[in-house]
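Engineer: Start from the sequences and build out the full structure, keeping to the hints where you can.
As they're listed, the protein sequences go chains A and B. Residue numbering for the first sequence follows this note's numbering, starting at 1 and increasing by one per position. Residue numbering for the second sequence follows this note's numbering, starting at 1 and increasing by one per position.
By construction, these hints were calculated from the structure, which means they are not laboratory data. Model, not experiment: these values are computed from the prediction. Where hints are given, some of them may not hold.
Claimed, not checked - Among chain B residues calculated to face chain A with C-beta under 10 angstroms, some are:
| # | residue |
| --- | --- |
| 1 | R137 |
| 2 | L154 |
| 3 | M172 |
| 4 | A292 |
To be verified - Have a look at the derived ranges for each label pair, beta carbon to beta carbon:
| # | chain 1 | residue 1 | chain 2 | residue 2 | range |
| --- | --- | --- | --- | --- | --- |
| 5 | A | G156 | B | R103 | 28 to 36 angstroms |
| 6 | B | E97 | A | G15 | 50 to 58 angstroms |
| 7 | A | E308 | B | P34 | 51 to 59 angstroms |
| 8 | B | A288 | A | E297 | 35 to 43 angstroms |
| 9 | B | R103 | A | D301 | 23 to 31 angstroms |
| 10 | B | Q217 | A | G279 | 53 to 61 angstroms |
| 11 | B | Q110 | A | A106 | 53 to 61 angstroms |
| 12 | A | G156 | B | R68 | 34 to 42 angstroms |
| 13 | A | L204 | B | P303 | 35 to 43 angstroms |
| 14 | A | E308 | B | Q110 | 51 to 59 angstroms |
| 15 | B | P311 | A | A292 | 47 to 55 angstroms |
Glycine included, C-beta positions come from ideal geometry on N, C-alpha and C.
Protein chains: 2
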Amino acid sequence: MAAEFYLGADIGGTGVKYIITDDQGGIFHQGEVPTDPHSAKRTLGRLAMEVAERISPPSDSDEATFFRLAAVGLACAGIINPASGHLGRSPNLPGWEDTNLKRIIANEFQDKPSVVANDVNAALFGEFSFGAGRGCRNLVMIALGTGVGGGIMLDGALVVGTHNGAAEIGHMVLDPSGPTCTCGGVGCLEAWAGSVAILKQARLLAKVELKETALAQLVLEKGEHLSTRDLSLLAEQGDAASLALFAEVGHRLGHAVGNLVNILDPDRVIIGGGVAQAGDLILGSCRALVPAMVLAEEAKDIPIVSAELGPMSAAVGAACLARQEQAGG
Amino acid sequence: MAAEFYLGADIGGTGVKYIITDDQGGIFHQGEVPTDPHSAKRTLGRLAMEVAERISPPSDSDEATFFRLAAVGLACAGIINPASGHLGRSPNLPGWEDTNLKRIIANEFQDKPSVVANDVNAALFGEFSFGAGRGCRNLVMIALGTGVGGGIMLDGALVVGTHNGAAEIGHMVLDPSGPTCTCGGVGCLEAWAGSVAILKQARLLAKVELKETALAQLVLEKGEHLSTRDLSLLAEQGDAASLALFAEVGHRLGHAVGNLVNILDPDRVIIGGGVAQAGDLILGSCRALVPAMVLAEEAKDIPIVSAELGPMSAAVGAACLARQEQAGG
Numbered sequence: 001m002a003a004e005f006y007l008g009a010d011i012g013g014t015g016v017k018y019i020i021t022d023d024q025g026g027i028f029h030q031g032e033v034p035t036d037p038h039s040a041k042r043t044l045g046r047l048a049m050e051v052a053e054r055i056s057p058p059s060d061s062d063e064a065t066f067f068r069l070a071a072v073g074l075a076c077a078g079i080i081n082p083a084s085g086h087l088g089r090s091p092n093l094p095g096w097e098d099t100n101l102k103r104i105i106a107n108e109f110q111d112k113p114s115v116v117a118n119d120v121n122a123a124l125f126g127e128f129s130f131g132a133g134r135g136c137r138n139l140v141m142i143a144l145g146t147g148v149g150g151g152i153m154l155d156g157a158l159v160v161g162t163h164n165g166a167a168e169i170g171h172m173v174l175d176p177s178g179p180t181c182t183c184g185g186v187g188c189l190e191a192w193a194g195s196v197a198i199l200k201q202a203r204l205l206a207k208v209e210l211k212e213t214a215l216a217q218l219v220l221e222k223g224e225h226l227s228t229r230d231l232s233l234l235a236e237q238g239d240a241a242s243l244a245l246f247a248e249v250g251h252r253l254g255h256a257v258g259n260l261v262n263i264l265d266p267d268r269v270i271i272g273g274g275v276a277q278a279g280d281l282i283l284g285s286c287r288a289l290v291p292a293m294v295l296a297e298e299a300k301d302i303p304i305v306s307a308e309l310g311p312m313s314a315a316v317g318a319a320c321l322a323r324q325e326q327a328g329g
Numbered sequence: 001m002a003a004e005f006y007l008g009a010d011i012g013g014t015g016v017k018y019i020i021t022d023d024q025g026g027i028f029h030q031g032e033v034p035t036d037p038h039s040a041k042r043t044l045g046r047l048a049m050e051v052a053e054r055i056s057p058p059s060d061s062d063e064a065t066f067f068r069l070a071a072v073g074l075a076c077a078g079i080i081n082p083a084s085g086h087l088g089r090s091p092n093l094p095g096w097e098d099t100n101l102k103r104i105i106a107n108e109f110q111d112k113p114s115v116v117a118n119d120v121n122a123a124l125f126g127e128f129s130f131g132a133g134r135g136c137r138n139l140v141m142i143a144l145g146t147g148v149g150g151g152i153m154l155d156g157a158l159v160v161g162t163h164n165g166a167a168e169i170g171h172m173v174l175d176p177s178g179p180t181c182t183c184g185g186v187g188c189l190e191a192w193a194g195s196v197a198i199l200k201q202a203r204l205l206a207k208v209e210l211k212e213t214a215l216a217q218l219v220l221e222k223g224e225h226l227s228t229r230d231l232s233l234l235a236e237q238g239d240a241a242s243l244a245l246f247a248e249v250g251h252r253l254g255h256a257v258g259n260l261v262n263i264l265d266p267d268r269v270i271i272g273g274g275v276a277q278a279g280d281l282i283l284g285s286c287r288a289l290v291p292a293m294v295l296a297e298e299a300k301d302i303p304i305v306s307a308e309l310g311p312m313s314a315a316v317g318a319a320c321l322a323r324q325e326q327a328g329g
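Structural biologist: Put into structure tokens, the structure is as follows:
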């Protein structure tokens, strides 16, 4: 009996989430190894060892079972050239910048075929394959994390652009008099809807306007450990200030979604990332704004849905991309 | 000898510009027939008669020459379903709304194969085939006319979207506190960069702020016949107010282009339409803004170029689309 496996791995700033799937896409194993921020080679070497252990045939097996890793898919934040495997700008892992990930995979995984993709593109491909985008051909994904990432699929193919710079949705400028963004620009979506921006705004509200409120108490109590999850729990208890904060995030997100629907007119828009766990606190005001912005009558009721695959989505998508690559594109 | 011809026609509010090309794309004839705003059937019937006359073999011909119309391409403003040929929302020709253009072409042109496309999509395909987009695969076109239209091409194919509502670039909202747009929205690109908006702004400047200026004199003198061409001539003479007006148009256009490059990362961006004849008066400030907005290093110096085919671009593109359709897509 032969068993073929596909590895999908999502390189994060501190850990590499990985998943091993069988040739039907079923999950065989999932796990995590630490990221070495200074060395892609050491990180992927460690991953290769762990994967090799997992897919070795059990030592007590009598059958002539043949376990084989067929292909490797890697997802990573930053500007990635999927053809060459080159990683350019890499905000989460500056120590990995300007390396050829395909070459390192070839070295560490005995020349297995590989595919590398931007992490949100991989997550979108995962949602397309097994999640909120099943059955669709044209999709937009917005990932609300520390920053805001994006992915675009047209007719079943990820759009990477001429210089691999497409789908930088987080840096769509929504208001030239808006807040300063981490990119140096002004009024980008990320300057409202990334967790860095949301926490900054919460602290500002606590300090300047709402000294006596529940929000101010929360900010004081949590200090540096304040999370968007803390804020959403407070909002769910009915706290007006944090409700308004998430509604503003959703409104700005809706502005970006409205623009994207007028530009791309997809089947649906998927909202993912950790911040999106606030769910309807954000999606409510987002969905309220979009129809009035969209020109094409039939596109006004575009479904704006939550991602379904959670934190493993990029690893799942990377494994799916590896399987597609192996099947000949 | 057999000669095969392709008809490309661009339906305008008052006239139908058309072009007849040979099977190499060479121009055999071009002309214009009036548009009947109440009847697509009468308009296309008249066009069919005129085209039939043009491609009849000369009566004194001794040769057994066979002149044949091989396919028809039609370009029209509005929301068009290229598969069915249905014209939905049609701002320039409300009397044509909700008609099936492919069926009317079949009736009036003896069941010739046909293709229908949004006018800016057709113009983009023309520029891709013979103009400013030659040799490219990924293109964005922005047409600055009365309103502002858009076209998007990825990997050599026009992007129409799930509900044929894509590339409505004129209604990208750039500033939620911007001027009101004809679409009912606020702060759309069109509310700055369409000729309606530019002329409105010129009249406002003349009335409110600059009573004694050359701009005020021009507005008074031209009255209702004021055109963006008049304003650009004044700007070219060094008039500060009209220079600033075009610089503002270019700056807002640059904001839209910057967003589009971050979303789509095309090979180049083509600026067309009558207003774009102002050339560097607009493109100067547009090009000045874009690099700072674009994230991907290699995409920062994206060429932002003027369209090359002029007022016949949509007719040319429609003929090219017809030829491609005939060749089997």
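Engineer: Of the hints given before, which are not true for this structure?
Structural biologist: 15
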